[in-house]
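Visitor: Each chain is listed here by its residues.
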Amino acid sequence: MEDVWAWLLFFFILISLVVMLVFQLMCLSDLEFDYINPYDSASRINGVVVPEFITQGVLCLLYLITGHWFMSLLCVPYMYYNYRLYTRRQHLVDVTEIFNLLNWEKKQRLFKLGYIVLLLFISLFWLIYSALEDDEESL
Amino acid sequence: MGTEYPNSPAIPSRPASPFSVPQSSTPFKSSGPVVGPEASAFRHAPPSSSQITPPSSSYGSMVGTEASAFRTIPSGMPNGAARPPPTSGFPNMPPAAGPYQHFPAPQFSSIAQVPPPRTSLAGQPVLWPPVRPVSGSFSTSPVSLNPTQPPPVQMGSPPQSGSMVQPDPVAPRSPIDSQFSAARATMQLSSPTAGSVYPVARPSFQSSFPGYISQQTTAGAQAQPRQSLAFHPKPGGYVPPMPAASSPYFAQQGGYAAPPSVASQLGHPREQIRHPGSTHPMAVMQGLVEDFSSFSIGSVPGSFDSGLDSKVLPRPLEGDLERNTLSEMFPLNCSSRYLRLTTSGIPNSQSLASRWHLPLGAVVCPLAEAPNGEEVPVVNFAQTGIIRCKRCRTYVNPYVTFTDGGRKWRCNSCALLNDVPGEYFAHLDASGRRIDLDQRPELTKGSVEFIAPTDYMVRPPMPPLYFFLIDVSAVRSGMLEVVAQTIKSCLDNLLGFSRTQIGFITYDSTLHFYNMKSSLNQPQMMVMSDLDDVFIPLPDDLVVNLSESRTVVDAFLDSFPSMFQENTNVESAFGPALRAAFMVMSQLGGKLLIFQHSLPSLGVGRLRLRGDDIRVYGTDKEHILRIPEDPFYKQMAADFTKNQVAVNVYGFSDKYTDLATLGTLAKYTGGQVYYYPSFQAAVHKDKLCHELARDITRETAWESVMRIRCGKGVRFTTYHGNFMLRSTDLIALPAVDCDKAYAMQLSLEETLLTSQTVYFQVALLYTSSSGERRIRVHTAAAPVVADLGEMYRMADTGAIISLFTRLAIEKTLTSKLEEARKSVQLRIVKALREYRNLHAVQHRLGGRMIYPESLKCLPLYGLAICKSIALRGGYANAQPDERCAAGYTMMALPVKKMLKLLYPQLIRIDEYLLKKTSLAEDSKDKGIWKGLPLAAGSLDPQGLYLYDDGFRFVLWFGSMLSPDRVKNLLGENFAADYSKVSLRELDNEISRNLMGLLNKYRESDSSYYQLSYLVRQGEKPREGYFLLTNLIEDPVGGANGYLDWIMQLHRQVQQNA
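If you read the sequences in order, they're chains X and G. Here my numbering is used: the first residue of the first sequence is -9, the next is one more, and so on. Here my numbering is used: the first residue of the second sequence is 4, the next is one more, and so on.
These aren't lab readings, by the way, just hints derived from the structure by calculation. It is possible that part of the hints are untrue.
As the list claims (entries may be wrong) - The calculated lysine to aspartate or glutamate pairs, modelled on EDC-like cross-linking and capped at a C-alpha distance of 20 Å, are:
#: 1; chain 1: G; residue 1: Lys715; chain 2: X; residue 2: Asp24
#: 2; chain 1: G; residue 1: Lys637; chain 2: X; residue 2: Asp84
#: 3; chain 1: G; residue 1: Lys825; chain 2: G; residue 2: Glu813
#: 4; chain 1: G; residue 1: Lys645; chain 2: X; residue 2: Glu87
#: 5; chain 1: G; residue 1: Lys983; chain 2: G; residue 2: Asp657
#: 6; chain 1: X; residue 1: Lys96; chain 2: G; residue 2: Asp990
#: 7; chain 1: G; residue 1: Lys814; chain 2: X; residue 2: Asp84
#: 8; chain 1: G; residue 1: Lys918; chain 2: G; residue 2: Glu988
#: 9; chain 1: G; residue 1: Lys520; chain 2: G; residue 2: Glu484
#: 10; chain 1: G; residue 1: Lys819; chain 2: G; residue 2: Asp623
#: 11; chain 1: G; residue 1: Lys624; chain 2: G; residue 2: Asp407
#: 12; chain 1: G; residue 1: Lys393; chain 2: G; residue 2: Asp407
#: 13; chain 1: G; residue 1: Lys645; chain 2: X; residue 2: Glu22
#: 14; chain 1: G; residue 1: Lys814; chain 2: X; residue 2: Glu87
#: 15; chain 1: G; residue 1: Lys645; chain 2: X; residue 2: Asp84
#: 16; chain 1: G; residue 1: Lys645; chain 2: X; residue 2: Asp125
#: 17; chain 1: G; residue 1: Lys970; chain 2: G; residue 2: Asp952
#: 18; chain 1: G; residue 1: Lys715; chain 2: X; residue 2: Glu22
#: 19; chain 1: G; residue 1: Lys491; chain 2: G; residue 2: Glu702
#: 20; chain 1: G; residue 1: Lys690; chain 2: G; residue 2: Glu988
#: 21; chain 1: G; residue 1: Lys393; chain 2: X; residue 2: Asp24
#: 22; chain 1: G; residue 1: Lys637; chain 2: G; residue 2: Glu813
#: 23; chain 1: G; residue 1: Lys1003; chain 2: G; residue 2: Asp952
#: 24; chain 1: G; residue 1: Lys624; chain 2: G; residue 2: Glu813
#: 25; chain 1: G; residue 1: Lys637; chain 2: X; residue 2: Asp30
#: 26; chain 1: G; residue 1: Lys918; chain 2: G; residue 2: Glu992
#: 27; chain 1: G; residue 1: Lys637; chain 2: X; residue 2: Asp(-7)
#: 28; chain 1: G; residue 1: Lys645; chain 2: X; residue 2: Glu126
#: 29; chain 1: G; residue 1: Lys1003; chain 2: G; residue 2: Asp689
#: 30; chain 1: G; residue 1: Lys645; chain 2: X; residue 2: Asp24
#: 31; chain 1: G; residue 1: Lys637; chain 2: X; residue 2: Glu95
#: 32; chain 1: G; residue 1: Lys1003; chain 2: G; residue 2: Glu1022
#: 33; chain 1: G; residue 1: Lys970; chain 2: G; residue 2: Glu914
I would like the entire structure built from these sequences, with the hints used as guidance.
Guide: Now the structure itself:
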């Protein structure tokens, strides 16, 4: 039964990651279409970058703690990438160069989004699977 | 035969030289064009075997050539061996010589001519496709040859095939070939025995000829008009004199060969051939102006004798030669001062654009200084509002068309029909022009200024505001005095009189604010030592209206240098001071001038000494030295821009001050970096005075934004320069002036452009110093072309180089210097290769380097970019601060100044100084100042030279210059160390002339003050530092010289060509 709860938790964490990434992407595309100015856009994006990194780290840790080492392993490249950005101080959007980096920033976040969505589906699968298993056991 | 060649005696005279022979023979061959190239091949041959090959191969069918070449120039033909043995094919060669003597003299002469125009030869096939080149030449030998021509088809084919394929040189297989070989054999005339063969050859010619003639005539007729085109006099090019051709044939021939009369010249080239080392005639660039320019390069890797004379390489000695094709085509365009396109031919498809390897874009200088009489007219649409297209927001301009009796106008950019407002309505005359056209500058001029109504304002127009942030920590250089004096002397000339605002903050380890309230007599100084939590001690009165507080400001400027004279505090709390300045200015915006004397060492934004690390160079981390270390500065820059503050940074230190970081402030706020390394008031006073005064008194556009629009299907994608982008295509410029230019690149959005013309419109919305909101609009049209050659023809070197430089400097911020230089080189190579491919099919290019006439200086400027301070060498070649300052400066330079900086002017002035002409007279014939190539070879030890790159003068005194003259110029201490001698006007003619000259140059280029540095020949290390390293055509410090650079480019172009 704990497994179901664990998967449910992962599921929500992943959803929150997706939300954060989509938010950043929205800010970037708004910027591209001139709906907001670069200052607002950059400060909004930069506001969620660190939470995103932390959430992702926590997720990875939780996977490990709950013994889903394979899922944890899947999270590691993403985490390493974030770590590298952070140590090089490239994790924040640079407001002065934001237009020159727009395409790169978008691409980077799209990849992240795809990655998270993949994890999301796997988690969903395991969630349903373990729920069904629980059901069978309880029968 | 004999009759035909009355000049046979002439021949004997020549036999000695193998070359003469081939030439003479050519006419017989019937392949006239061939002759030229061959001859050229011969010429080139001596220096480099590689060269020989191509031409010979192109005439592969004519084995003889090779054979002859082979024999004649044994030494020159290292690769001759590689060839299949030509000799085998010509067992009968020796006999051929005999007949040779019969050749008609006229022919020879004509042939003789051939060599010079050789390049044109190569070009010609293209020009006259219908004409068999062979036939053309053939005709030239007017006399006897008629009988001999082979069938036209075949004749034509050999050259063509030759250019593409290397026919087997060995032995002629077809009868025609054999003819050729025979002809060739004749070439070998050199061998006296050839006689027997020759007769054989002739008959064959004759037989073929008849078929040929008819073609020729027609072709020839066509050719004539074109030729005349082709022969525009070309600077540096070798243009054969126009033949006074009565017959079309002749005309043709002209292309290949000069008229017979020139025969006398023949000997000349030949001689040269014999001594290839001494002169390099083949290097002469010849050209079909219409087509391309070229020079021959016998590039043998590893050989010393390049076969190329550096004298003939193209140079921009006359300065920036703009080509006005566009303004001729579209006379309503704005002046090229304001907008220059890298190529006026906009590619019509993405595939075409992708073959254009040079940058595609524009360089815009929206406020360029206009000469008197050409000021931009101001238009006030008070009643109607500014007339713009509803859809694409294009401003009304000369290219819009009025229809429907004047009630509608069609947007030139998006073709939308807009209504004409009632107040703007005017009837159309019979030709569809508005009757009030001559009163409407916006419809007749490419540049206009509209007075903007209130919808273009987000706030009331700001007053001009100058804020000075001055580092007073332990300054001993006299900088403070100079700055204070200069500001004081400029107070009357500051822009926007009666509205001008001014304020000061000074700082060392504490911040000093000055209350300049008009009711005070003396400024009140407030010291703040809490650097972590900066606040403004007074809400107002730190920035005051100049005219109201004038006495207080004057008192402050008088007293403050002496106040800090004895300052021993060496710390510099730059970051906190910047924050304070931001808080003071954020309400209004304006111009912030920072005078920084040392590395910021206290509070937020303190910097490390990081630039002196030699180990970083050459590693992946090298570029980090050139980008800001602390994100604080970028953030501050962004905030400044947001609040309409432009930052100009003045750096003075002899030690590392991390201008890479400080300059960021200027970069993103549309400002400028001035750098005076090791500032000493005694030396640099004039320079700082002039530049500071110009900075604060030149006409400035405040709180402006700029956008460049263009027609459908084209879009500007990247922008380069000192500014910040506010949205994808909106450039935010807190302050702009005439010394700033911005570059942008465009890309095609649609795969195929359907329109014939693309319109560009630059719009700069700004507040003038007088407090008026204005929009300056520059409109230009450019044709859409479908042909790459056309794009090259309409290219603008200046704009391309300007963009190139910016791209290269930006590249140094993300990668190594080496890579930035390579990227420049690579793009030039790609462009030249593409161009070569464009012509390689129709022309036999051989070892020639070809380039479009419009881009003749591109390689040289490319080299100059690589050797500019911002990109040159490595650690040892430039101080990191100097490099960064140069980078920031170059990112903002207008095209003309950029070109001058890249390829400075070097002129000899000693003779001029002796002349007793007055300056007034002199100004008339400015033409006498001919620039010299920037090479040490241009410097004569007996001369006095002036080197002028727009930023400084270097006066070079030759070691043999007469001491009297030096004494006249420098006064009594002429023998002293020149670093301690300053130039001043003395009471004699020469000195007055010199100073007059220098001042004249300074006036003509006043954006910067050119400080004169005196250098004596052989004086180390000053000579090297000031002049020798800047002679970019010389190989200095491991970098390429011009010649090597060309060779290198050429080699790379030919690889995979």
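Visitor: Now look at each hint and say whether the structure bears it out.
Guide: Status of the hints after comparison with the structure:
1. Lys715/G - Asp24/X: Holds, at about 19 Å.
2. Lys637/G - Asp84/X: Roughly 8 Å separates the two Cα atoms, so the pair holds.
3. Lys825/G - Glu813/G: Roughly 13 Å between the alpha carbons, so the hint for Lys825/G and Glu813/G holds.
4. Lys645/G - Glu87/X: Roughly 14 Å between the alpha carbons, so the hint for Lys645/G and Glu87/X holds.
5. Lys983/G - Asp657/G: Holds, at roughly 18 Å.
6. Lys96/X - Asp990/G: 69 Å, violated
7. Lys814/G - Asp84/X: 18 Å, holds
8. Lys918/G - Glu988/G: 17 Å, holds
9. Lys520/G - Glu484/G: 23 Å, violated
10. Lys819/G - Asp623/G: 7 Å, holds
11. Lys624/G - Asp407/G: With a Cα-Cα distance of about 65 Å, the restraint between Lys624/G and Asp407/G is violated, given a limit of 20 Å.
12. Lys393/G - Asp407/G: 18 Å, holds
13. Lys645/G - Glu22/X: 18 Å, holds
14. Lys814/G - Glu87/X: Holds: Lys814/G and Glu87/X sit about 14 Å apart, inside 20 Å.
15. Lys645/G - Asp84/X: Distance of about 15 Å is within 20 Å: holds.
16. Lys645/G - Asp125/X: Status violated; Cα separation ~60 Å.
17. Lys970/G - Asp952/G: Not satisfied, since the Cα-Cα distance of roughly 26 Å exceeds 20 Å.
18. Lys715/G - Glu22/X: At roughly 19 Å apart (the allowed maximum being 20 Å), Glu22/X and Lys715/G satisfy the hint.
19. Lys491/G - Glu702/G: Measuring from Cα to Cα gives roughly 18 Å; hence the hint holds.
20. Lys690/G - Glu988/G: 17 Å, holds
21. Lys393/G - Asp24/X: Holds - the C-alpha atoms of Asp24/X and Lys393/G are around 19 Å apart, at most 20 Å.
22. Lys637/G - Glu813/G: 16 Å, holds
23. Lys1003/G - Asp952/G: 15 Å, holds
24. Lys624/G - Glu813/G: 15 Å, holds
25. Lys637/G - Asp30/X: 16 Å, holds
26. Lys918/G - Glu992/G: 9 Å, holds
27. Lys637/G - Asp(-7)/X: 48 Å, violated
28. Lys645/G - Glu126/X: 63 Å, violated
29. Lys1003/G - Asp689/G: 16 Å, holds
30. Lys645/G - Asp24/X: 16 Å, holds
31. Lys637/G - Glu95/X: 18 Å, holds
32. Lys1003/G - Glu1022/G: 28 Å, violated
33. Lys970/G - Glu914/G: 16 Å, holds
Hint compliance for this structure: hints 6, 9, 11, 16, 17, 27, 28, 32 are not met, and every other hint is.
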